[in-house]
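Chemist: Taken in sequence, the protein lines are chains A and B.
Count the first sequence with the working numbering and you get residues -10 to 104, in order.
Count the second sequence with the working numbering and you get residues 763 to 877, in order.
Among the clues, some could well be false.
[What the hints assert, rightly or not] Distance ranges between label pairs, derived from CB positions:
(1) A/Glu43 / B/Lys876: 25 to 33 angstroms
(2) B/Val782 / A/Gly17: 33 to 41 angstroms
(3) A/Glu42 / B/Pro844: 22 to 30 angstroms
(4) B/Val782 / A/Gly29: 27 to 35 angstroms
(5) B/Gln822 / A/Asn66: 35 to 43 angstroms
(6) B/Gly803 / A/Gly73: 19 to 27 angstroms
[Stated by the list, open to error] In silico BS3-like links for lysine-lysine, alpha-carbon gap of 25 angstroms or less:
(7) B/Lys804 / A/Lys19
(8) B/Lys819 / B/Lys833
(9) B/Lys784 / A/Lys19
[Claimed, not checked] Which chain A residues face chain B? A few, computed with CB under 8 angstroms, are given here:
(10) Gly31
(11) Pro50
(12) Gly96
If you're looking for bench data, these hints aren't it; they were derived computationally from the structure.
Backbone N, C-alpha and C fix where the C-beta goes; we use that ideal spot for every residue, glycine too.
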Amino acid sequence: DAGVTQSPTHLIKTRGQHVTLRCSPISGHKSVSWYQQVLGQGPQFIFQYYEKEERGRGNFPDRFSARQFPNYSSELNVNALLLGDSALYLCASSYLAGANTGELFFGEGSRLTVL
Amino acid sequence: GENVEQHPSTLSVQEGDSAVIKCTYSDSASNYFPWYKQELGKGPQLIIDIRSNVGEKKDQRIAVTLNKTAKHFSLHITETQPEDSAVYFCAASRAGSSNTGKLIFGQGTTLQVKP
């Protein structure tokens, strides 16, 4: 079975631009979470979606938004990019929202560089 | 706020030796504690987890212990091998149907196993 897939794997943008990152969860998983991992640090929670509804939001500005589609795939959008947005953006899927099992399965990430 | 402290930040051991990584969490309501291994250029991979109703869990060369009173949990790797070299992250969350399942990650430990 395919794991969590993310696209694009790498991208370069300039300050002020907008970016859309995409994620397909593991088949059968209904929840998608997004994390930002700055180089040398642990991942930080951005959003969680379950059944197309936002279930949680981390401490990120309104420039960050996301949505989940009927097929449970998800998009993360970042507007007005800043240099500090350069990071690895990770998508994780789980079967349930609050995860009674607690297990999240991560994709390989999208490496965003803002120049 | 919610916080997970992880130590040491780097750890170098000889092949065959044991490695121990320690974490402390601040949210006393946390009840799920996973450990992730992240290899260069890849997303975090779940290697073992423990829930608050048990004190220890073992899977082959890997074991995790949890002390809820002290809010400490640790990863133990025995008989280390060069392929164990990676960055390890601990995390904590409030798993459950009413929670987001948001993971709070530690800062990571870079483990180097010398042949």
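Chemist: Given the proposed pairing of B/Lys804 with A/Lys19, does the C-alpha separation stay at or below 25 angstroms?
Modeler: Cα-Cα ~23 angstroms, so holds.
Chemist: When the nearest CB of chain B is found for A/Gly96, is that gap smaller than 8 angstroms?
Modeler: holds (5 angstroms)
Chemist: If I claimed the Cβ atoms of B/Val782 and A/Gly17 lie 33 to 41 angstroms apart, would that claim hold in this structure?
Modeler: Distance hint for B/Val782, A/Gly17 holds at roughly 36 angstroms.
Chemist: Can you let me know if the beta-carbon spacing of B/Gln822 and A/Asn66 is within 35 to 43 angstroms?
Modeler: Given range 35 to 43 angstroms: holds, Cβ gap about 42 angstroms.
Chemist: If you check the beta carbons of A/Glu43 and B/Lys876, does the distance land in 25 to 33 angstroms?
Modeler: violated (46 angstroms)
Chemist: For the range 19 to 27 angstroms, tell me whether the beta carbons of B/Gly803 and A/Gly73 fit it or not.
Modeler: holds (22 angstroms)
Chemist: Please check whether A/Pro50 passes as an interface residue: C-beta within 8 angstroms of a C-beta belonging to chain B.
Modeler: violated (17 angstroms)
Chemist: Check whether the Cα positions of B/Lys819 and B/Lys833 lie no farther apart than 25 angstroms.
Modeler: holds (16 angstroms)
Chemist: Does the hinted range 27 to 35 angstroms hold for B/Val782 and A/Gly29 at CB?
Modeler: violated (22 angstroms)
Chemist: For the restraint on A/Gly31, tell me whether the closest CB of chain B is nearer than 8 angstroms.
Modeler: Interface hint status for A/Gly31: holds (3 angstroms vs cutoff 8 angstroms).
Chemist: Verify the proposed pairing of B/Lys784 with A/Lys19, using a straight-line Cα cut of 25 angstroms.
Modeler: Roughly 32 angstroms between the alpha carbons, so the hint for B/Lys784 and A/Lys19 is violated.
Chemist: How does the Cβ-Cβ distance of A/Glu42 and B/Pro844 compare with 22 to 30 angstroms: does it lie in that range?
Modeler: violated (45 angstroms)
Hints 1, 3, 4, 9, 11 from the earlier list are contradicted by this structure; the remaining hints agree with it.
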